Amino acid sequence: MMVSLPAVTKDGFRLEVVAGAGPAVRFSGSGDMEAVADVKRFLKLLHAELSTAKAAEVRVDFAELYFMNSSCLKAFVTWVHEVDTQGRPYAIRFLTNPRLHWQRRSLATLQRLAPKVVVIEET
Amino acid sequence: MLNVGLPLARASVELCFEPSERFVAEIARWVTDFCRMTLEDLELASRLHLAVYELAENLVKYGSGHTVSVDFEVCRSELGVLLRLRTKNRSTPERLNEAVELLTRIRAAEDPVALYDRMILESAPREDRSGLGLARIRAEGELELDFSRDGDELSIVVETRVTPGARP
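If you read the protein sequences in the order shown, they are chains A and B. The opening position of the first sequence corresponds to residue 1106 in the working numbering, with each subsequent residue numbered one higher. The opening position of the second sequence corresponds to residue 115 in the working numbering, with each subsequent residue numbered one higher.
Calculated directly from the structure, the hints in this document are not laboratory data. Among the clues, some could well be false.
In the DSS-like style, the derived pairs of lysine-lysine whose C-alpha atoms are separated by at most 25 Å in a straight line are [as the list claims (entries may be wrong)]: (1) B:Lys202 to A:Lys1145; (2) A:Lys1221 to A:Lys1149; (3) A:Lys1221 to A:Lys1145; (4) B:Lys202 to A:Lys1115; (5) A:Lys1145 to A:Lys1159.
Calculated from the model, a selection of chain A residues having no Cβ within reach of chain B, i.e. all distances over 12 Å [claimed, not checked]: (6) Leu1110; (7) Thr1114; (8) Gly1127; (9) Lys1159; (10) Ala1180; (11) Val1185.
Just so you have them, the derived chain A footprint on chain B, three or more residues with Cβ under 8 Å [claimed, not checked]: (12) 149-161; (13) 198-212; (14) 247-253.
No experiment lies behind these values; they were computed from the predicted model shown. Heads up, the beta-carbon is just placed ideally off N, CA and C, and yes, glycines get one too.
Could you put together the complete structure from these sequences and hints?
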């Protein structure tokens, strides 16, 4: 399946769907206070599409996401928890950049929250 | 606060600014660059970046009055290197009471990661404020946290000691 969500571009931050074999999205730039509302909205729509399509997995590319504040991280917490506890779960595969040290720490937090849902893969 | 021992060298920068969100990213970048130049440790710089970002955002969200401040200090001694971040802001009594309650929990936690995981789980189904930023500093940043309140002013101190040849 392909996800069909409009890209969001703000100053220094971008959310977009990535074309490919399976559902995939990319977050790049810096997820700060201004990005929070867009991240929440994007993840809600994404979850609705993936649930309707009965997707088995979604890839989330963080390779160029330089930082994410706790409010944006909270949006991911809510999404991961919803996938884990409601309806038919799918895997969320985060593609990470090992040079961006914060990613390992923050995504480990999400993995502890839902170990059966969150998969972390270094690019 | 951590004991620094007898200081051999000290470098510090203090930034005072109006509580506006347009300053947050820049302040986090300045402090992180300063840390990177002083210590040349990318992992530690990343942890400090997280801390200063969350603290600066807190200042902007909850600070009142015209000025808030971030003070960053690197102190070398025979015990190693001490890094200390201090923020100061004024706020309403309600906000300060909430902050003090949260900071007391975070400071007292024997296992900061366990506390953070509990807070993550509690906040997961909610849409409101998470309060995760300060807990994240101790859990993900692996930094010590202390605070004090003087009237309507809150001071938060985040610090770590780097022992030569050892990971902090």
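Verification of the hints:
no.	hint	in the structure
1	B:Lys202 to A:Lys1145	30 Å, violated
2	A:Lys1221 to A:Lys1149	20 Å, holds
3	A:Lys1221 to A:Lys1145	22 Å, holds
4	B:Lys202 to A:Lys1115	30 Å, violated
5	A:Lys1145 to A:Lys1159	21 Å, holds
6	Leu1110	20 Å, holds
7	Thr1114	17 Å, holds
8	Gly1127	26 Å, holds
9	Lys1159	23 Å, holds
10	Ala1180	10 Å, violated
11	Val1185	8 Å, violated
12	149-161	holds (count 4)
13	198-212	violated (count 0)
14	247-253	holds (count 3)
Going through the hint list in order, the structure does not satisfy hints 1, 4, 10, 11, 13.
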